[in-house]
Amino acid sequence: MIQGVLDVADNGLSDFGHDPWWVVLIKIVLAFAIMLVFTLFNIWFERRVVARMQHRLGPNVHGPFGLLQSLADGVKLMLKEDLIPKAVDKVVYVAAPLVSSIAAFMAVAVIPFGPEVRIPWTDVHTPLQVTDLPVGVLYILAIASVGIYGIVLAGWSSGSTYSLLGALRSSAQMISYEVAMGLSFVAVFLYAGSLSTSGIVAAQQHLWYGLILMPSFVIYLIAMVGETNRAPFDLPEAEGELVGGFHTEYSSIKFAFFFLAEYINMVTVSMLATTLFLGGWRAPWPLSLWGESNQDYWPLLWFFAKVLLFIFFFIWLRGTLPRLRYDQFMKFGWKVLIPVALVWIVAVGIIRAISLEGHLNRSWLVLAAGVALVVFLALGFLGEQPIPAEEEGEVGTEVDAYAGGYPVPPMPDREEEGVRG
Amino acid sequence: MNLYLPIVFLGILAAAFAVFSVVASSMLGPRRYNRAKLDSYECGIQPTPQPVGGGRFPVKYYITAMMFIVFDIEIIFLYPWAVYFDSMKTFGLIEMVLFIATVFVAYAYVWRRGGLEWE
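Chains as they are written, first to last, in my numbering: chain A, 1 to 421; chain B, 1 to 119.
Incorrect hints may appear among the rest.
To give an idea of the chain B side of the interface with chain A (calculated C-beta under 7 Å), a few residues [said to hold, decoys possible]:
#1 78
#2 95
#3 116
Not close to chain A: a few residues of chain B, all C-beta gaps over 10 Å, as computed [claimed, not checked]:
#4 29
#5 32
#6 43
#7 46
#8 102
#9 105
Because the hints were derived from the structure by calculation, they are not lab data.
Every residue gets a Cβ at the ideal spot worked out from N, C-alpha and C, and that includes glycine.
With the hints as extra help, turn the sequences into a complete structure.
Encoded structure:
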């Protein structure tokens, strides 16, 4: 009975679930290796690009162009002493980095790397994807949530103030931006009519969702940076306040696993962005005119080019923007991203319903879009009203920076204190 | 082969890699005992004794967690609705707008009561 439900029935996944066992094995090992090697490459890539942005050279000694630098770092970390401080809860402390990294590796299972191809030297045809589920994207979200457990447990079990505060911040930040991320997917599902990643790629054959669902795409781009704890949202690792954040007490390979998990998550969210918004493995426009661009192993090239584009975006942000303050960051997530995402979902629903019901023409559509825009703008004004008042207040009352005897930056609740002092 | 089995195998492979690395590292790395090294980290002063689990922390985090659950459940309702939108059309849209509006009331309440302020 359950077997029947789980099996490939009529969910559009007839390409999946027929592979012989050795093909499954090869695909799993390859997916695992790709994640590992690509992550090592990304660490090198990030260091080189950030170095260029700061007029430095970056790692260039080990291997050609310094490509083996991250591998050398990994080996070095492995040979370091494995400290377990006295105050920790040992079982949880050891389990936390494992939870984080295993969850990070598992998300790649449903990412479509390419179309159905023939394995060289055999007659076996198989899609370039480990497997696909009727709930593919939901699975990725679920696995990403499991990854948060690793961070929470790490901070909880370390028995250190900095770890605990870092873990709290990190988990609060990740769950907040996960809401925005989850909401940004709804419009895509609405248009694709499917939760499976291969189905969504197939639905983007003619038009990428990144173009027609631009607001969703932008919300996802912001949320994915917050979700992976990357600059400018890398508050859990704000070393000025929290030392190392949740991994303060970790050393050796356990620290390396948190680092690895972060970079794998970066790759995963980039791959998800490619799959949901940039047409997955499909060739971009001028190239797609060439008939064979979407056949055989060519899509791998387009896929990784798009993913690298997102990785570069991450690095660019890190090289450019300063870190946000925590209250500003949470305010932005809860008061801007989530309402905007909800309004956008309703707007997309209305447009879609009107176009499905049939009795409409372009003018209705434009009208609906206009109304949605007006509502959106009105909401924006409503949200902005308190800001001028605040600014006035700040101009009016001089904040005494040395109110308590120590230099303190101006904060929202410091005005009264400043007056008193 | 079942659609879900490859995921299990991938998990096993990842777990094997992770456990192997941790065990290998604990065997390869040096061990030099030093009492101060095993203390909790602190910047130049005695570490504050911290119970495992950290004792108490700001209530804001609980509120954030609860808001997250509310919205996560809303999202879980939105997904099947979005997938089957084409067969429900206007009826589905109206129902979902009512649902979103209901959750939005709670959201507006939390906002007005200052539940989203971080100071």
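Against the structure, the hints come out as follows:
Against a cut-off of 7 Å between C-beta atoms, the interface hint on residue 78 (chain B) holds, since the closest Cβ of chain A lies about 5 Å away. The interface hint given for residue 95 (chain B) is violated, since its Cβ lies 11 Å from the closest Cβ of chain A, which is over the 7 Å cut-off. The interface hint given for residue 116 (chain B) holds, since its Cβ lies 5 Å from the closest Cβ of chain A, which is under the 7 Å cut-off. Listed as outside the interface, residue 29 (chain B) is inconsistent with that label: its C-beta sits roughly 5 Å from the nearest C-beta of chain A, within the 10 Å cut-off.
Here residue 32 (chain B) does not stay apart from chain A, with its beta-carbon only about 7 Å from theirs, under the 10 Å limit. Its closest Cβ contact with chain A, about 7 Å, brings residue 43 (chain B) to no more than 10 Å, contrary to its assignment away from the interface. Under the 10 Å C-beta cut-off, the non-interface status given to residue 46 (chain B) relative to chain A holds; the minimum distance is some 12 Å. The claim that residue 102 (chain B) lies off the interface holds: its Cβ sits roughly 12 Å from the closest Cβ of chain A, which is beyond the 10 Å cut-off.
Distance check on residue 105 (chain B): its Cβ is at least 12 Å (rounded) from any Cβ of chain A, clearing the 10 Å threshold; non-interface status holds.
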